[in-house]
Every structure is written in C-alpha cells, then in structure tokens.
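Asks: Protein chains in written order, with my numbering: chain A, 1 to 807; chain B, 1 to 177; chain C, 1 to 274.
The reader is advised that the hints may include incorrect statements.
Said to hold, decoys possible - As a list, the in silico DSS-like pairs of lysine-lysine whose alpha-carbon atoms are at most 25 Å apart: (1) B:126 <-> C:95; (2) A:148 <-> A:93; (3) A:16 <-> B:82; (4) A:27 <-> A:243.
It is worth saying that the hints were derived from the structure and are not from the lab. Small disclaimer: the values here were computed from a predicted structure and weren't measured.
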Amino acid sequence: MTATAEPEVGKARLRKEDARLITGQTKWTDNIQLTGMLHMAVLRSPVAHARIRGIDCSRATAMPGVALVLTGEDFAAEQGSLPCAWPITEDMKSPPAPAMAVDQVNFAGEAVALVIADNAYRAADALAAIDVDYDELPVVLDLEEALKDQDLVHPDLGTNKCATWVFDSAEAGSGTDVEEAIASAEVVIERTFRQQRLIPSFIEPRSVVVDPSADMFTMWSATQIPHILRWMLAATTGIAEHKIRVIAPDVGGGFGGKLQVTPEELLCLLVARRMGRPVKWTESRTESMLSAHHGRDQIQKVTVSARRDGTVTGLKVELLADMGAYLRLVTPGIPILGAFMFNAIYKFPAYRFVCTNVFTNKTPTDAYRGAGRPEATFAIERMMDELAVELGMDPMKIREMNWIKHDEFPFTTVAGMTYDSGNYEAATARAMELFGYEELREEQERRRSSGDPVQLGIGISTYTEMCGLAPSRVLGALRYGAGGWETASIRMLPTGKVEVITGTSPHGQGHETVWSQIVADRLGVPFEDVEVLHGDTASAHRGMDSYGSRSLTVGGTALVHAADKVLAKARKLAAHMMECDEADVEFASGSFSVRGTSTVRTLSDVVLAAHVAHDLPEGMEPGMDADATFDPDNFSFPHGTHLCATEVDTETGRVRIRSYVAVDDVGTVVNPLIVDGQVHGGLAQGIAQALYEEAIHDETGTLTTATFADYLVPSADDLPSFLTARTATPATSNPLGVKGVGEAGTIASTPAVVNSVLDAVRHLGVRDIEMPLSPERVWTALQGGAADASTPAAGGLGSIDSQGGQS
Amino acid sequence: MHISVNVDGVTYADEVEPRLLLVHYLRERLGKTGTVVGCDTGNCGACTVHLDGHSVKSCQMFAVQANGHEVTTIEGLARDGKLHPVQEAFRSNHALQCGFCTPGMIMQAIDLLADEPDPDDETVRKGLEGNLCRCTGYQNIVRAVQDAAHRMRPGAGPKLEQHSDEHITAKQPVGGE
Amino acid sequence: MIPAEFRYLCPSTVDEAVRMLAEEGEDAKIIAGGQSLVPVLRMRLAAPTALIDLGGLTELTGVRDEGDSLLIGAMTTHYEVQRDHLIHDHALLLKLATDTVADPQVRHRGTFGGSLCHADPAGDLLAPALALDAVMIIAGPGGRREVPASEFFVDYFETALAPDEILIDVRVPKFTGWGAHYEKLNRVAQAWSIVAVAAAVQVRDGSIAAARVGLTNVGAGPVRAVDVESALVGQPATAEAISEAALRASTGDGYKDNLARVLTGRALTAAVAG
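From just these sequences and the hints, can you work out the full model?
Replies: Here is the structure:
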C-alpha cells in the first residue's frame, strides 16, 4: 500500500531527525575519530593591529606530542587568499585575506601560528610556549573615525573605505527623486540608529576534520555550505575540485555564522596535505567569539519625508557598515541585502540608499540571521513610530495609511522588487485581536496618569522580508559570484522506497522531515518510506546550501519538480504496462489507473518495472530517478505584524516583556510545528539584539565579550512565552506557495521591542536608547542623559579572575 | 591518576591526567559523544550530566573528581530501546532544532523534575537557566518539560536512572582496563 | 579551552589538607566545588602546580545547630544550603541569596565556603554573610582561628585567608523569626549582580526592632549599609520609614548608587512583609 490518506503538507509531523538527537547518537564533527588523527590548535593574536616582528616556535616544537608548529610564513606560498564572493562594486577595495597572518595582524583573534600535536591537550600546552613579537600599530575601531583615513587598517589600500553602493529610485526608474521629495515635504524627520555588533553564537562550536587518505581529501566541517566550501577550497588551494569531498554531518546551528569559508578549514586542509594524516580542529567558545564572523554593526542615518496627514513621500538611507578587518565570503553584500527592504511594506514614491563599507581592526562581519534585512526593518519600523510621534498619530494608523493594500498585489516597490502576495491588513487585524491592543493602551494611560514607577509600552513591527535567495539573474546583477538555484534528486528504489537528495544543507531546520512530507504527498508514498540525504558532496553533488530562508522556497521547489519528472516518466511506463493511451492514465494516492476502468498499477509496480527493464516503451531508459534544478524568478516576501508590550521599571531601568504576539504570513505551511519553532527561535534572537547582546571592543580593539559569561545570550528565564499565529497568502512564485520562515522572527522582533520600550518612556522625555537596552542605558536615558555607546552595557565580566581561589 | 567511575551503569577503571575534564573523559576515552562541549565557562550547560543523581556541568569538573561516583549521561537514559519520558516529550513537543544543547537540556530537565514534579512555566524557566539554546526560543522546551512531568507521575528523576544489576553485568566496558 | 597540568591531591582530613597546602607552597590551590576555579584554570588565567581537593572532607559538609548559632561546613553545597531546615529557620537570608546563585548545576557543585573564599564582589553570598555577622573558622599550620566577616573580605577576590590557610566552617548567629529578602538586579539570569541587596529585619509589634542590610557589588567587597540599619531601628515597619531609610544606602548619583537605594527599599519591603 502506498496511499496516504490525508495530505502531508500542512501536517504537524514530528521530526525524523529527533531520534538521534535526543539519545546522544548524533554525529557532530567533533565526534569523529580517525586512526592516526592529529589535533590542530591555533594561536591567535591578542592585539588588534600590529606588525609581526618575529615568531619563536622553538620551545613549542620541542614539547612532547608536538608534531609540527607552523606560522603564516610557512603557509605564505600555498594559502592564497580566503575568498570573497561578492565584490559589490567594480572598484571595491579588497585586501588579501590570508588564512594565517604572515607579517601583519589586523584584528585581535586572527590566527598567527598553529600547533599540530597528538592530542588537543598537548596542542594547547604548546600554544602557550610560542612567543610572538608584535610591533603594535594604531587601531582603527570607530566607523566615522575610520572614514577620515588618518590611521589605516590596510595601508596598501590607501583608505579604510571599502566601497560605496548606491540605489536611487530616480536613476533606476522605480520612483522619483528623494531630494526633491525632502525639499518639498511638509514634514522631514531624520534619525541615526546604531546596529550594534552581534555574535551569531551557534551552540555547537565549529569543528573541522580532514582525512587526506585514499587519493582524496575528505573534509567534515560544521558548516552550512558544504558545496560552496568545496568549490572555494578548490579555487583557493588549487587542489582539483573532484579530489575534495566535503561532508557537513549533523551541524549544531548556524544562523549565518557557519555560512563561511573559514581560515581554519583551509589550514586543516593544508596541514593534512602536508602531514599525510588526518587532522582535527575544534574551537573553544572564546575562539569562536573572537574569530568566527560577527554580524550587524552599522550606523544608519535615515530621513523620511511626509505630508502632515501622515502620507510618506520619501526615504533616504545613508549607511556606514563595518566590514571588520577582512572581506569574508559575502561580507560586503550583507548591508546591500537591506537596500531592498528599507522601504518595507510602505508606498514610498522616492528612495535613495547609499551604503559605505568601512574597514576596521575588528573581527570580520558577515551573515547573521536576517543579514541586512533586520537592520533595514529596524530602521524603517523605528522611523514609522518616530513619524507617528512627530505627527501625533497612532503608530498603527500611520502604517496602515502607507502600506500596500491587499488588492494592490503584485506590487512593484520603489526599490524595484515585485511583491507577489500579501495581506498586511489581515495579519494586523489578527495580531491586534490576540494582543488586546485597546485594553493595553488603556492600561498604559492609567499607569501614566498615576505615575506608576513601572510604565507600560506598546511596540509595533509590521515587517516584510525578502527570502528565497535568490534568482540567479538578480544575483548576477548584484555582482554576486554564484547563482541562487537549488537542486534535488529523487532515486526510486526497486522496493518502492525513495531516496531524496537535496543540495540544501540543514543545521537544525528539519529538512529530513519536511522534504519527506513534500515527496510523500507528491508521489503518494508513505512519509516513512522517504529518506533524505544531504550535506555530502559525494551524494549530493550539486547544491547552493542553506541560508537566507531559501531551502524550502528554492530547494523544496526543486524537489517538487524532480517528483513531477518521476511521475511524468512513470505515467508513460504505466500507460505502457496498462496498454492504454497516456492521456487516459490518472494518478492519485500513489497509484496509476486507466480512466473509467479498474485497472491499476501502483507507483511501486511501475518503479519495479522500470528497474528490471524487461519491457519498457521504445527508447525509455531503465530506472525511475530524476533530477531537477530550480532557479526562482523572484524572491518571496513573508510578512507579518508583531506586537510587543513591555514593562519598564523606571527606577532601575529594567525591561520586562509582558506579552508578545507574532502573526506571520509565510505562505503555505508544510509543517506548522517546525514553522512555529522557527518563529520562536527567531524571536529570541531578535529580542536578544534589542535587550541583551552586544559584542564590545575596548579602546585597544580587544573583544571584551568573548565568553558566554560576558556576551549575554538569553536563557529560558530571560524570555517570555510568545503567542504566535498565522495568516496565509500563498506565494505565487513557487508551486508550493511557500515563502520561508527562518529569519522572520529575528527581523520583526527587534524594532517591536525597542518601539515598545520607547513608547513606555517617551512621555518622560526619552527620545531614543541605543541597543541593547540594558537597565543602565534605560535608566540613564530616563535621567536625561545620552544613553549611547559610551556607556557599555554591563555584562557578567569581572568574575573570572586570576585571583580565583577556593570555590 | 587511577580512577574508577560508573558511567551509565558500567564501571570503568582508567588512568587519567588530573587535568582531564570529565566531559573529555566521557567523550574521548569512553566514546560517550552524546555529551558535548559548548563553552569554556560553564554557561551553556550543553555538557550537563548527572553525578550521583544530580545535574552537573561536566566541563566544569575533572574526571578525577568523579572517582568513585556514578555518572549518567544522555546515552544512559533509554532503557531497552524505550526512551525516557523527557526524551519522548522533547520529541513530541518539537523542543529541539539543531539538537546540540538537547542532551544537556534533557539532563537538566530530568534533574528539575526530580525536585519539582509539577513545575509551572516560571519554575521550568528558572530551572533551565543554566542551559542555553540558540534555536528554539525555549518555548517548546518549557512545554516539553511540563508535558514530561505529566508523563512521569509518579516518581521521576534520578530514580529512573538507577540501573538494575542485570543491566550492569550484561554490558561490557568499552574502555579502561 | 584546556587547563595547564597540575598535580591533584585528595586529603581525607582537614589536618592533612593543611599539611599538604604547607608542603605544596604558594603555587598550590584549594579546590572546593570548583565552579569559579575551573573556568579560571581552563582559560589559563591561573596555573597552580597542584590542586588540593576538599571534596573528600565529609567533615566539612552540613549544618549544625550550636545553640545561639549555626555552624555551616565550608563544603556544604549551595544546593544543600537551599534545602537545609536549620538555615531556613534561623538564617533565611542565606537561603534566599543562595537561591539566586548561578544555576542549578553550579549549585549542585559549588560550595558555601568556596563562594566566600573566591570573594568576587559580585558574588551573592558575601553581603548576606557580612550582614549576618558570620564568623569564618579557619584552619592553618598554627591551628584554628576565627575571623569575622567584617574583616574577612579584604579586596577584590582577596580575603584574610593566608596562603597556607583553609576556611573550614562558618558560624552564623541565629536570626530566628526575622524576615529576609535578597533583591538582585542582573542583565540575564546567569549574569552576576549589577547590584543586589541582602536585608533581614526583625519586626516586633509593628516596629522594626533590628535590621541588617548588606550590599553586593558596590565596591571591592560586600558593604554593610549601617546607616540604613540605624535609621530603621525603632521605626514603624511602614513604607515611609523604609523609603526614608533606603535613601541612606548610597549618597552618590551614579547608576549603582541609585540601584543601591532602590533595591534596598525593595529588599526591606519584602523582608518586612515576609
């Protein structure tokens, strides 16, 4: 029997992945043990900017168990430069990015030497015995200072300015001139926001194992991008691509943080080649925080012009984006992804976006959940509130009067995007109802008039995002170095079981479950009969991996197309088997039948017939496998309305989230359990940006938040319960109608929280508070002080100390 | 230094360096890779195991300190192919995504339920404050723990981990002497 | 992160521990629960040549009733303190502060004495120990000596313990029937206190007969808010009296000064109510 009674798509299937994850049977990269395996440890620069005068490895080399100690000089001839696949402009400045510093270090945490030893403990001992002589250089940390070019991160470039990227709606023909709009506006508001630097903080530290045996380099890596990694490793090292196999086994979270070709991956490969033995590197948390790429870090100057009635007339965005010391895989493009989202769901007639990318002596930035879009959404949703305040209007009303109405889709925006579907009214109505908006406004009024020390605020975020990265032609136009398609293969096994091979590479998203549901529905086979293979370039030979809420919209669609190819061929063979015209063959619930007769062949029968190939139609190849690659025509545009109520303790500055409602429209939902989970996790990260997290560098460029004691990832006790609900307008850009959900919660929630806190205390004279909204910053703002970056939010530092005693 | 430790019902005798962290002893020496390391400072809780029935962070103690004690890891929970109720509840409530924090989270949840057999939302959240999850936003974890509480009544926590004698003799040590 | 090598010693009596410490010299360290020490070792911020583990000294665990006071073994874990009936009945403030220490796993391993000796000014047990006039009982080569909490906490991470001494017990006078509260403000659940206030109040016939207030993380060590205490004694147990007295927790105008005042008010209010 192959029939499935009810559709799999839409069903809250429990995950296939969980059986191994809840029993400790998971295969993390660090679990891999190979015979003769050596361990790599990396010495990192404690200073942010220095010439390397010399490195003395003699003591380390002589230590027990140490096989080899290497410096950047030892690798200079073979390490090449780590790839940056997104040169956003023709004249973009791009410094060489060695995996290991050769003569100069440009951020604290950069690799300067490595030890190969027979175990990780001995490798760590030897690290402590390497002496590096640094000649310190002035550090460049502040974005605005950096632009003055007084001290240079990379003197050879002659400037700290990496590139300037411009979108102008008048030039693009998608709108009018924003300067004219501003000049003739009844109201103009201008604000500057700071997007603090964040650390992705995946819980599984990165790990790499390279096995150079068997005439092939096999690399296991805790990566989101095995396919891109293989390509880039070949391109960087000159090792033939077909001699590299990359496997992403179980990967413990990524959030963009594992969308990278890392120095350590390259170094492990080079060392394994040199030693002819397997090599493993697993990072410590502090290494991760120092050297894995960071996210966000922008200064946003935003100008909105409007009429007195609240209608917006223009939007000008001027960004400074911190690249850090080097351009990693997609570093320069991250802020550019935001360019198309600042206008959000609103009908701005004129728009100009200018982004200047800047080098500093800090850890490189790159993708972190949302990547460019949370920054954009934060800025515009803050601005809509600011405009409402300026005009004395209700913040929801002003959004409503400016957003795209549901009957205006498809709608081409001032940024040149065509939003295919959406219904902002519906999502908002649902959210307002669940939230109890009016009642909370009444309570807010009561607390205000009674002078309650705990004030209540309401924050709104009516967001959209662009997901499903990405149409290859658009990526080409943006000068990105690769395409945005995705591949799927279906292997029909002779017993009727199904193997699905996907080019996506999950790290917590549940692809094994969801892909099984899609195929089960399409082919009418049981959910349990589908096995999903991924994350190994030997089995999934082609793919563009997982990031940017793309896996389901692009990869899932490829899977649908592959299933349709299987069915198309099976239909031909079924007609042949049932001796009828193909046009008379019907397919339902896993079986072919001849219209108007009782003749039936199950898909399983047909697959077996194709496999044994005893009697195939003229010209038909044996087997029933199919491949498909899908290149989307358009992005997808999830949207939603998030409402946040916070209580602000005006005596201590402490913020407590009282309630949080998220209504998201992510199109068709394949698995509601997984969609809810993605939203919850996204909310946690977005709320964490608003309230808790910040990567702080001191004046010497040292990251002072390099442990989980100092970088405040919230625990269960620091987050509220969320109320989530959905509205659905299916995407028209793919057959499943799906839009993507991986980033929505993160993108939407940050401005909802900040708007809420400001709403609570604005009547007390507070205009803005920089993120994260620590108690001290909130309290300082309430005292009329500037709650800016000069008062770093106090972390949990200071309690790990060399004086540690009996404890 | 010579140590003898009972891990998941099997007694191991081993010679270890004093500085060997318990978690590395479990992972590297005994092959118990179900217990993982997520940080250096004891904040993330991914390495949580039970020592004599109470949750501890196995990256914050040395293997020598476990000498003569009983350790239970995530791999010692399921009995004869039957999952522990907390494991079941994590699966049924979609309380995990990437799953890296999950072993520690489950071990801590079991500990919590031993002290608080019927915890409310706040009690669960406080009880899990030493375990970081980056994927789930904790909502389904909280739900799973409460669901497990219902599944486990009466009796919970360390009691469930006590191994029968048959079990110990049936298993052969895979490491040590 | 991996600690440097060290030798590991496991004494079975206090005297043996003291002897070992003397023999090993200043580069040896005592390890109790290790919940602050192990991260320090892992990050190689310290590299002692030897660790002397008090884990085997069962004589140092548990709480004894000594008539007017309680004797708390230095190796009593936070978890044990939280659940001890004597502490609950006679030194409730210690229990309430201990409830907020770190997280459950750490409380299973971490010890009362270890926290006091670590002397982190942000640690939650210092201010209660100071406020309750705890006395440290210390063993050394010359025998036993006693040091009051007011003299024990010397500076950041520094106590009156000599390098060859070990804290073995803590004597805490009984505060039977006193109301108590520990009011803590931190950024996230696991973070150290920005400021916290430990308060114990004895209310008789609607008046405050006695009060103890200690402040966490406002200086190099715990701070006793004596001005607040004296302002309260003899006052009616009212919101007004408490607010008035709480203002004396600090005279500065910085954020922590403000917190000291606000949290003192809240701690006292809860202590009076409880």
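Asks: Work down the list of hints and note, for each, if the structure agrees.
Replies: Outcome of the hint check:
1. Taking the CA atoms of residue 126 of chain B and residue 95 of chain C, the gap is about 16 Å. The hint holds against a cut of 25 Å.
2. A threshold of 25 Å between alpha carbons decides the hint, and for residue 148 of chain A with residue 93 of chain A the separation of about 16 Å falls inside it, so the pair holds.
3. Between residue 16 of chain A and residue 82 of chain B, the direct Cα distance comes to roughly 17 Å. Compliance with the 25 Å bound is thereby established for this hinted pair.
4. With a C-alpha separation of about 23 Å, the suggested pairing of residue 27 of chain A with residue 243 of chain A holds against the 25 Å cut-off.
Comparing the model with each earlier hint shows no violations; every hint is respected.
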